Amino acid sequence: MADDVDIASEVEMERINRLLAARVRETLSYIGMCHNCLESLAEAHFCDADCRDDYEKRLRFQR
Numbered sequence: 116m117a118d119d120v121d122i123a124s125e126v127e128m129e130r131i132n133r134l135l136a137a138r139v140r141e142t143l144s145y146i147g148m149c150h151n152c153l154e155s156l157a158e159a160h161f162c163d164a165d166c167r168d169d170y171e172k173r174l175r176f177q178r
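Take our numbering: the final residue in the sequence shown is number 178, and no numbers are missing along the way.
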């Protein structure tokens, strides 16, 4: 049987999930190069996962 803490935790998790689902994600436009290191690319926004992660860290730091 769930106690009050379990119920509150479940309610809060549902609220967080709804908020995350409703948020608007910024989309990057294709510029022909990596948004992080500016390496020329054919179809992607980043040349690899490391560049993507660095770019996202920089965005979080700026906010």
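Simulated from the structure, these hints should not be mistaken for laboratory data. Note that this is a predicted model, so its numbers are computed, not measured. Every residue, glycine too, gets a C-beta built ideally from N, C-alpha and C. Mixed in with the good hints, there may be bad ones.
[As the list claims (entries may be wrong)] Derived CB-CB ranges, DEER-like:
no. : residue 1 : residue 2 : range
1   : Ala117    : Ala157    : 32 to 38 Å
2   : Ser144    : Asp119    : 44 to 50 Å
3   : Arg173    : Asp118    : 38 to 44 Å
So, going through the hints one by one against the coordinates:
| no. | hint | in the structure |
| --- | --- | --- |
| 1 | Ala117 with Ala157: 32 to 38 Å | violated (52 Å) |
| 2 | Ser144 with Asp119: 44 to 50 Å | holds (48 Å) |
| 3 | Arg173 with Asp118: 38 to 44 Å | holds (43 Å) |
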